[in-house]
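For the sequence shown, counting from 1, position 311 maps to 311 in this note's numbering; every step adds exactly one.
Simulated from the structure, these hints should not be mistaken for laboratory data. Because the structure is a prediction, the values reported are computed rather than measured. For glycine and all other residues, C-beta sits at the position ideal for the given N, C-alpha and C. Watch out, some of these pointers could steer you wrong.
Straight-line Cα separation of at most 25 angstroms, BS3-like style, residue types lysine-lysine; simulated pairs [to be verified]:
| # | residue 1 | residue 2 |
| --- | --- | --- |
| 1 | Lys84 | Lys40 |
| 2 | Lys197 | Lys174 |
| 3 | Lys210 | Lys54 |
| 4 | Lys322 | Lys379 |
| 5 | Lys379 | Lys84 |
| 6 | Lys248 | Lys296 |
| 7 | Lys414 | Lys296 |
| 8 | Lys84 | Lys54 |
| 9 | Lys248 | Lys197 |
| 10 | Lys174 | Lys414 |
| 11 | Lys174 | Lys248 |
| 12 | Lys248 | Lys414 |
| 13 | Lys248 | Lys84 |
So the derived label-pair ranges between C-beta atoms look like this [as the list claims (entries may be wrong)]:
| # | residue 1 | residue 2 | range |
| --- | --- | --- | --- |
| 14 | Asp374 | Gly80 | 21 to 31 angstroms |
| 15 | Thr53 | Glu433 | 28 to 38 angstroms |
| 16 | Asp374 | Asn214 | 46 to 56 angstroms |
| 17 | Pro319 | Thr236 | 53 to 63 angstroms |
| 18 | Lys296 | Asp272 | 17 to 27 angstroms |
| 19 | Pro401 | Glu240 | 46 to 56 angstroms |
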Amino acid sequence: MTDRPRALPTRRLNRLLALAVTASLAAGCGALPGFSSDTKGPVTVMTWAPENTKGTDAPGVPAMARAYARWVNANGGLGGRDLKVITCNEQNDVNGAADCARQAVDAEVTAVVGSYSQYGRSFLSTLEAEGIPFIGGFGLTQDEFTSPFSYPVNGGQVALMAGNGRQLATHCAKVSLVRPDTIAGDDLPELLDFSLKQAGRPAATDIRAKEDANDFTAQAEHALASAGAPASLATTLGTEGAREQARKGCVTAALGDQTTTFFDSLRRVREDFQDVRIGSVLGSLDQTSINRGGGKSGVYEGAYVTGWYPAASDDRWEPMRKVIREQAFNDNRIDSADAGVQNTWIAYTVLTQVVGSLGEGTVDARSVTRALNDGVRIKTGGLTPTLSWRFEDTIAVRDYPRMVNAHVWFQQVKRGQLTAVGRTSVNMADTLERTI
Numbered sequence: 001m002t003d004r005p006r007a008l009p010t011r012r013l014n015r016l017l018a019l020a021v022t023a024s025l026a027a028g029c030g031a032l033p034g035f036s037s038d039t040k041g042p043v044t045v046m047t048w049a050p051e052n053t054k055g056t057d058a059p060g061v062p063a064m065a066r067a068y069a070r071w072v073n074a075n076g077g078l079g080g081r082d083l084k085v086i087t088c089n090e091q092n093d094v095n096g097a098a099d100c101a102r103q104a105v106d107a108e109v110t111a112v113v114g115s116y117s118q119y120g121r122s123f124l125s126t127l128e129a130e131g132i133p134f135i136g137g138f139g140l141t142q143d144e145f146t147s148p149f150s151y152p153v154n155g156g157q158v159a160l161m162a163g164n165g166r167q168l169a170t171h172c173a174k175v176s177l178v179r180p181d182t183i184a185g186d187d188l189p190e191l192l193d194f195s196l197k198q199a200g201r202p203a204a205t206d207i208r209a210k211e212d213a214n215d216f217t218a219q220a221e222h223a224l225a226s227a228g229a230p231a232s233l234a235t236t237l238g239t240e241g242a243r244e245q246a247r248k249g250c251v252t253a254a255l256g257d258q259t260t261t262f263f264d265s266l267r268r269v270r271e272d273f274q275d276v277r278i279g280s281v282l283g284s285l286d287q288t289s290i291n292r293g294g295g296k297s298g299v300y301e302g303a304y305v306t307g308w309y310p311a312a313s314d315d316r317w318e319p320m321r322k323v324i325r326e327q328a329f330n331d332n333r334i335d336s337a338d339a340g341v342q343n344t345w346i347a348y349t350v351l352t353q354v355v356g357s358l359g360e361g362t363v364d365a366r367s368v369t370r371a372l373n374d375g376v377r378i379k380t381g382g383l384t385p386t387l388s389w390r391f392e393d394t395i396a397v398r399d400y401p402r403m404v405n406a407h408v409w410f411q412q413v414k415r416g417q418l419t420a421v422g423r424t425s426v427n428m429a430d431t432l433e434r435t436i
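Take these sequences, add in the hints, and give me the full structure.
Here you go:
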């Protein structure tokens, strides 16, 4: 009987101590000295993209994320932690993107990784409110380059269009740009034009189009005429003269998945003497599109294409190709030449190295964000420059303060294959700093 009064304070002390540990962890303060936090629990992240819509789809993005998780978990996880990937269909819709962000919050994810959406404004505020980092989005919107919780791995559409302008300026006397009539598309003409003007070329003709249109005949005819190849050209110059004149002009298009629909319209309305050169950017045109368009005998032969990363045939992609072979060999949604798939690979490379930098410590949204802000340096095997998001690592682009990588790669379709033009990337930082 004399022992019972002493046992009660001990149990109460244990309860109070347990509550103190729980409160400390809930507050994000880490484990108390002498106590182990759940540092080997799963790392839960989310990846979203539009699927099965009438406009742009990117099914390879969530599919690559799942394949990456299977590969990581089959090889010991992230430092012994399982990687759990939740995916969400953002439906190419502002409300769908917002819904995905709310799902990420409800799931208490560590990060949103490698996703694709043109509605940054609708989801980033939700992530910011909960302190969830957004790692390696596709770079479609300006919001991805302004949010303090966004960590972009490429230069976005703005870098591609500035680069495409520089690439086309070498070959084209006149350029027509066909782009989506959206907020994201409104920035594209200025960037293309600045690069053209730097080379002494005139500004491109800006031709807007609905991104979910099924036919672009009117835009194709307008683009041909503005590039210096109107339908009446043969009447005034003769067939051979018209053909020579047309070859000096270029038509470039950046319409996402609908780019191939546009070029199909261009093919149908174009006469033999209107053989203008064509261009695009990766994400709007890829090897799969080229294959479906007839390969070396198709409309894309000779096209000038600007991308964020090396050509898909480059040996630096072999680690990604190995993962696809091992974990997604029969998944036809995953194409190693697809820009969305490539971007997802790089985004998850960032996540892996950030988690690795935390060692045995707690892995959550707060610790990952802190590591990113403290200057963890990410190596991508030469696919990008070394990535780091400290203030001193950002590029001085006024409206895109989170940009840390403005490199692009020039490619051209030769014998039906996207082929590297040159052996190194081209840094568009100076152009972007002077333009936007």
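We went through each hint and held it up to the structure:
Restraint check: the Cα-Cα separation between Lys84 and Lys40 comes to about 13 angstroms, which is no more than 25 angstroms; the hinted pair holds. For the proposed pair Lys197 and Lys174, the alpha carbon gap of about 11 angstroms is at most 25 angstroms, so the pair holds. Among the hinted pairs, Lys210 with Lys54 is consistent with the structure: their alpha-carbon atoms are about 11 angstroms apart, no more than 25 angstroms. For the given pair, Lys322 sits about 18 angstroms from Lys379 by alpha-carbon distance, which is consistent with the 25 angstroms threshold.
At roughly 23 angstroms between alpha-carbon atoms, Lys379 and Lys84 fall within 25 angstroms of each other, so this suggested pair holds. For the hint pairing Lys248 with Lys296, the CA-to-CA distance comes to about 21 angstroms; that is within 25 angstroms, so the pair holds. Pair hint Lys414 plus Lys296 holds up; C-alpha atoms about 7 angstroms apart against a cutoff of 25 angstroms. At roughly 30 angstroms between alpha-carbon atoms, Lys84 and Lys54 are farther apart than 25 angstroms, so this suggested pair is violated.
Restraint check: the Cα-Cα separation between Lys248 and Lys197 comes to about 16 angstroms, which is no more than 25 angstroms; the hinted pair holds. Simply put, Lys174 and Lys414 have alpha-carbon atoms about 22 angstroms apart, close enough for the 25 angstroms limit, and the pair holds. A hinted pair counts as satisfied when its Cα atoms are at most 25 angstroms apart, and Lys174 with Lys248 qualifies at roughly 7 angstroms. About 19 angstroms separates the Cα atoms of Lys248 and Lys414, which keeps this hinted pair within 25 angstroms; it holds.
Between Lys248 and Lys84, the direct Cα distance comes to roughly 52 angstroms. Violation of the 25 angstroms bound is thereby established for this hinted pair. Take Asp374 and Gly80: their Cβ atoms lie about 23 angstroms apart, and the range 21 to 31 angstroms holds. Range check, Thr53 to Glu433: Cβ separation about 35 angstroms, and the 28 to 38 angstroms hint holds. For the pair Asp374 and Asn214, the supplied restraint of 46 to 56 angstroms holds, since their beta-carbon distance comes to about 49 angstroms.
Remark: the range hint 53 to 63 angstroms for Pro319 to Thr236 is upheld by a beta-carbon distance near 55 angstroms. One distance hint, 17 to 27 angstroms for the beta-carbon pair Lys296 and Asp272, holds here, with the actual separation near 18 angstroms. Between Pro401 and Glu240, the C-beta spacing of about 52 angstroms keeps the proposed range 46 to 56 angstroms intact.
When each numbered hint is compared with the structure, violations occur for hints 8 and 13.
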